[in-house]
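Engineer: Sequence:
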Amino acid sequence: MAEVAGYDVIGDIHGHADELEALLRKLDYRKQGGTWRHPERTAVFVGDLIDRGPKQLEVVDIVRRMVEEGHAKATMGNHEFNAIAWRTLDEHGSPLREHSKKNEDQHAAFLAAVDGNPELHKDVVDWFLTLPLWLELDGINVIHACWHTGYMDRFADRLAPGNRLTPELMNEAARKPAPGGEETLFNAIEVWLKGLEAPLPVGEKFNDKDGHPRTEVRVRWWDEGATLYPEAAMIEEHIRARLPAVEIPEAARYRYEPQRPVFFGHYWMSGHPSIQSTLAACTDFSVAKQGKLVAYRWNGEQKLSNEGFHYVQDGRT
Numbered sequence: 001m002a003e004v005a006g007y008d009v010i011g012d013i014h015g016h017a018d019e020l021e022a023l024l025r026k027l028d029y030r031k032q033g034g035t036w037r038h039p040e041r042t043a044v045f046v047g048d049l050i051d052r053g054p055k056q057l058e059v060v061d062i063v064r065r066m067v068e069e070g071h072a073k074a075t076m077g078n079h080e081f082n083a084i085a086w087r088t089l090d091e092h093g094s095p096l097r098e099h100s101k102k103n104e105d106q107h108a109a110f111l112a113a114v115d116g117n118p119e120l121h122k123d124v125v126d127w128f129l130t131l132p133l134w135l136e137l138d139g140i141n142v143i144h145a146c147w148h149t150g151y152m153d154r155f156a157d158r159l160a161p162g163n164r165l166t167p168e169l170m171n172e173a174a175r176k177p178a179p180g181g182e183e184t185l186f187n188a189i190e191v192w193l194k195g196l197e198a199p200l201p202v203g204e205k206f207n208d209k210d211g212h213p214r215t216e217v218r219v220r221w222w223d224e225g226a227t228l229y230p231e232a233a234m235i236e237e238h239i240r241a242r243l244p245a246v247e248i249p250e251a252a253r254y255r256y257e258p259q260r261p262v263f264f265g266h267y268w269m270s271g272h273p274s275i276q277s278t279l280a281a282c283t284d285f286s287v288a289k290q291g292k293l294v295a296y297r298w299n300g301e302q303k304l305s306n307e308g309f310h311y312v313q314d315g316r317t
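Quick note on numbering: UniProt numbering labels position 278 of the sequence shown as 278, and the sequence is numbered without any gaps.
These are computed hints drawn from the structure, not numbers from a lab. We treat Cβ as the ideally placed atom computed from N, Cα and C, and that holds for glycine. Possibly wrong hints are sitting among the right ones.
Straight line, CA to CA, 25 Å or less: simulated PhoX-like cross-link-like pairs of lysine-lysine [claimed, not checked]:
(1) K31 with K55
(2) K73 with K303
(3) K101 with K205
(4) K101 with K289
(5) K122 with K102
(6) K194 with K101
(7) K176 with K205
Derived CB-CB ranges, DEER-like [said to hold, decoys possible]:
(8) E172 with G203: 29 to 39 Å
(9) T184 with T278: 28 to 38 Å
(10) T184 with S94: 15 to 25 Å
(11) D210 with P177: 24 to 34 Å
(12) T227 with A112: 42 to 52 Å
(13) E91 with P161: 18 to 28 Å
All chains should be built: construct the whole structure from the sequences, respecting the hints.
Structural biologist: This is how it looks when you write it as structure tokens:
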């Protein structure tokens, strides 16, 4: 393969294969020998390949072929992690992710795609387990939700080479520790793959995108100046506006320190794609909720700009 000229960082796909193929075409990738490729560039997927959309296995096949043939890299998203935990049993024979109605509803599209084919289900989930939790590439960092160096420093040496989980580590990674106990790999996974959260002020709550009530809210970890709830909370504007102007807890504050761009997904952004700062860009613009499938075309710049975004919507450029 030719020397890499840059990276195309692609956001959460959630089973939307038509949009993925349209975006790859727009970025001048071509399908050759069953694999999408670019003569000079490498695609980077931020995770959440599955759940919600109509073409689960088609997306996995596209991305997996690109990764295995050296035309792409990918990180694990929380939906891939959940898929592994759904199928992995603990020492008592119970699944690491409870088979509750809420969890099953979230995972329904993928489960339907592998229904009746346990060998295929195992093969795909085994591949998910090979995905790194984060990537440090030439000039950029990539993670699904939050680049938290504190947890990286603490737990990286326990991971398999390449910042990967193992079947043995899944037990700790998927099991919530007792209240007040020592932080475990579970806490790190929650932040890396789901983001930093803060408890809402007493009496405040909201329903998330799936209608579930929440008393905790994701915060803008990339913005060190967002210390008050109305600034930091990642919720709809009308809910954010009513929050009291009090500081979020210290544990929910974080500063992105490495002086190189970081790319991530996960946050269901809307509207026209724009960067979070000159060092941070989210590429998840809600394709699974009639939004856009977005890529940031990175060409070596150390200050990001909105001109780097490319996107498709409803399978159209």
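Engineer: Please check whether D210 and P177 have a Cβ separation lying inside 24 to 34 Å.
Structural biologist: holds, 25 Å
Engineer: Does K55 sit within 25 Å of K31, going by the straight-line distance between their CA atoms?
Structural biologist: With Cα atoms ~18 Å apart, K31 and K55 stay inside 25 Å; holds.
Engineer: Does the structure keep K122 and K102 at a Cα separation of 25 Å or less?
Structural biologist: holds, 22 Å
Engineer: Going straight from one Cα to the other, do K176 and K205 come out at no more than 25 Å?
Structural biologist: Since the Cα atoms of K176 and K205 sit roughly 22 Å apart, the hinted pair holds (cutoff 25 Å).
Engineer: Could you tell me whether the CB distance from T227 to A112 stays inside 42 to 52 Å?
Structural biologist: holds, 43 Å
Engineer: Check the following: the C-beta atoms of E172 and G203 are separated by a distance inside 29 to 39 Å.
Structural biologist: holds, 34 Å
Engineer: Quick one, are K101 and K289 close enough, alpha carbons at most 25 Å?
Structural biologist: It holds: about 21 Å lies between the C-alpha atoms, which stays within 25 Å.
Engineer: Using the beta carbons of E91 and P161, state whether their distance is inside 18 to 28 Å or not.
Structural biologist: holds, 25 Å
Engineer: Holds or violated: K73 and K303, Cα atoms, limit 25 Å.
Structural biologist: Status holds; Cα separation ~22 Å.
Engineer: Using the beta carbons of T184 and T278, state whether their distance is inside 28 to 38 Å or not.
Structural biologist: Given range 28 to 38 Å: holds, Cβ gap about 35 Å.
Engineer: How does the Cβ-Cβ distance of T184 and S94 compare with 15 to 25 Å: does it lie in that range?
Structural biologist: Taking Cβ atoms as reference, T184 and S94 lie about 18 Å apart, which means the hint holds.
Engineer: Verify the proposed pairing of K194 with K101, using a straight-line Cα cut of 25 Å.
Structural biologist: holds, 21 Å
Of the hints listed earlier, there is not a single one the structure fails to meet.
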